[in-house]
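Turn these sequences into a full structure, and let the hints steer you where they fit.
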Amino acid sequence: MGIRIIKGGMFTTVQDSGRTGYQDLGFHVCGAADRRSFRIANLLLDNPENEAVLECTLIGPTIEFTSEMIIAMAGGDFRPMINDEPVPMYQALYVRKGDILKLGSARSGRLCYIAFSNYLQIPVVMGSRSTDTVSGIGGFKGRKLEDGDYIEERIKRRKYLPWFLSRKLELHEFESDKAEIRVIAGPQDDMFPEAGIRTFLNSEYTVTSDFDRMGVRLDGPFIETRQGSDIISDGIPFGAVQVPGHGKPIIMLCDRQTTGGYAKIAAVISVDLPKIAQRRISDKIRFRQVSVETAQKLIREEELEFQSMRDQIHQPCKEVLDIRLTAKRMKQLFEEN
Amino acid sequence: MKHIHSILPSGDSAVLIRLEQTISSENTIEIYNLMSQIRSAKIIGITDLIPAYCSLMVCYDPALISWQSLHDRLKDLSSLQQNDITVTQRHITIPAVYGGIYGEDLSSVAELCGLSEEEVIAIHSGTDYFVHMIGFLPGFPYLGGLDERIAVRRLDEPRIRIPAGSIGIGGRQTGIYSLDSPGGWRLIAKTPVRIYDPASKDPVLFRPTDIVRFQPVSEAEYLDMEQAVSNGEHVHIITEGGTSWGSGS
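Chains A and B are the protein sequences, given in the same order.
Using this note's numbering, the first residue of the first sequence is number 614, and each one after it goes up by one.
Using this note's numbering, the first residue of the second sequence is number 10, and each one after it goes up by one.
Since the hints were made in silico from the structure, they are not lab data.
It is possible that part of the hints are untrue.
Result set (DSS-like, lysine-lysine): computed pairs, CA atoms no more than 27 Å apart in a straight line [what the hints assert, rightly or not]:
#1 K715(A) - K772(A)
#2 K910(A) - K51(B)
#3 K769(A) - K754(A)
#4 K84(B) - K51(B)
#5 K715(A) - K888(A)
#6 K888(A) - K791(A)
#7 K710(A) - K754(A)
#8 K910(A) - K84(B)
#9 K754(A) - K210(B)
All figures in this text were calculated on a predicted structure; none of them were measured in a lab.
As structure tokens, then:
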């Protein structure tokens, strides 16, 4: 019992929060590219934060459920339908055996996450269920999902979740084709003259079609270096902005290699990484510099935001409350008579 | 620790500890020592350590530790005397069959270097290589020490798929492909050793500071070894405890 992939979609993979702890052995981190939407999908079902989900890219999959479960979707709007009826995203949904979930092409954003209450039966490789398609390890057979794949469910879990009607959150809009991306300078910003830094921070860059889970190349004004941009290879964090010899920035994403030899002018702050992951080709980007302290304050604020989302879905919703209110008033009426 | 130049933020979730920007076995050993030191300090919030030629990246979860407090902890740690931490150096002998279908570029490498194929094999297998770092692919070792006489530029057109175990030369570097992958290095040999074996308890064979030497074998021996490896046997030889490296060495 589990899910059958009728159509794999453009690039659908199993992802969790990534394969951390093994980068010294050369393992790529991988994991969900848009951590925020990934977490929201799991949060809607009270799944563990790190539970494996499906990450869908631009054109979503068609999935048949072979058992009853609850699912939730978050991220870009992929116009999902169950048995040809449109269903909302950012909301817990019941599915029955034989139901068909069909995701369309992304109306907004680039990535969509599907979380499952019964979890996916995917072996853990080096502490993670994430697919590393570059190395061909982890996830479902180390590759993207294809037509006809079958993934078992891992547990027979709840067919019921408390406060079910409350389990919906506001849609996240990725519509804007202009984004301001905040960055922290360094660690090789000293390899760029003032003019190069100024170009980087004051120009508009365009998202190119060279965009996958490893990174995204931007097009725009040439960024000057002092003496080329080759460095002795060092570690690459998620969101590092490399500037190779051609002078155009490349933002390194979740499937990046662990080390690399191009100067890193800056790194995108964690809370803005989902914005990058959800950009579409020819969207515009502007960079703005912030301090590490500011970036980490924003992370703490986002954690509070997640907590308030949890609170919001863990209480009776307005519709239920209204019924209770009506009942209470009616009771009063009866008592008065 | 005297060689540390700077501790810098690399985004909001990583710190880069930089040593003098040179490629040397001293740097590699110092970084390896620093890594063990950070590991044993068990600092809460550290998620990954990425050692490179002359730097160590410390990845962390900013929800658990702030940049400032991690910076201070690392600074304290790196200023400590640490004579008690040593690396036991391992010597690893890797059997390899050179040329033919196992090393398609051996003849072109020989030609580019103005040497015979036998000379290339003798030079390549007559050198001790030092593992500076693991990166690019799971378990892929960056080996230092390639003889300049056989240093050749990469292929103009990278191959789409190079089988795991292939041994190549790319510029001043030589290495072993740990997984089937695309790549631009010139292939001269192939080893039956699985340097990345997901089924093993220690899936990655090499670690920084190892000394590697290639042992030429015949095609028949290679095929026997390949069989042995698929039966779970080891055909590489590890000698441990040759030299102990302190931070002061």
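These are the hints, each one checked on the structure:
1. K715(A) - K772(A): With Cα atoms ~21 Å apart, K715(A) and K772(A) stay inside 27 Å; holds.
2. K910(A) - K51(B): Holds, at about 24 Å.
3. K769(A) - K754(A): 23 Å, holds
4. K84(B) - K51(B): This hinted pair holds, its Cα atoms lying about 15 Å apart.
5. K715(A) - K888(A): 25 Å, holds
6. K888(A) - K791(A): Roughly 10 Å between the alpha carbons, so the hint for K888(A) and K791(A) holds.
7. K710(A) - K754(A): Given that 27 Å is the threshold and the Cα spacing comes to 25 Å, the pair holds.
8. K910(A) - K84(B): 23 Å, holds
9. K754(A) - K210(B): Distance ~20 Å between K754(A) and K210(B) Cα, so the pair holds.
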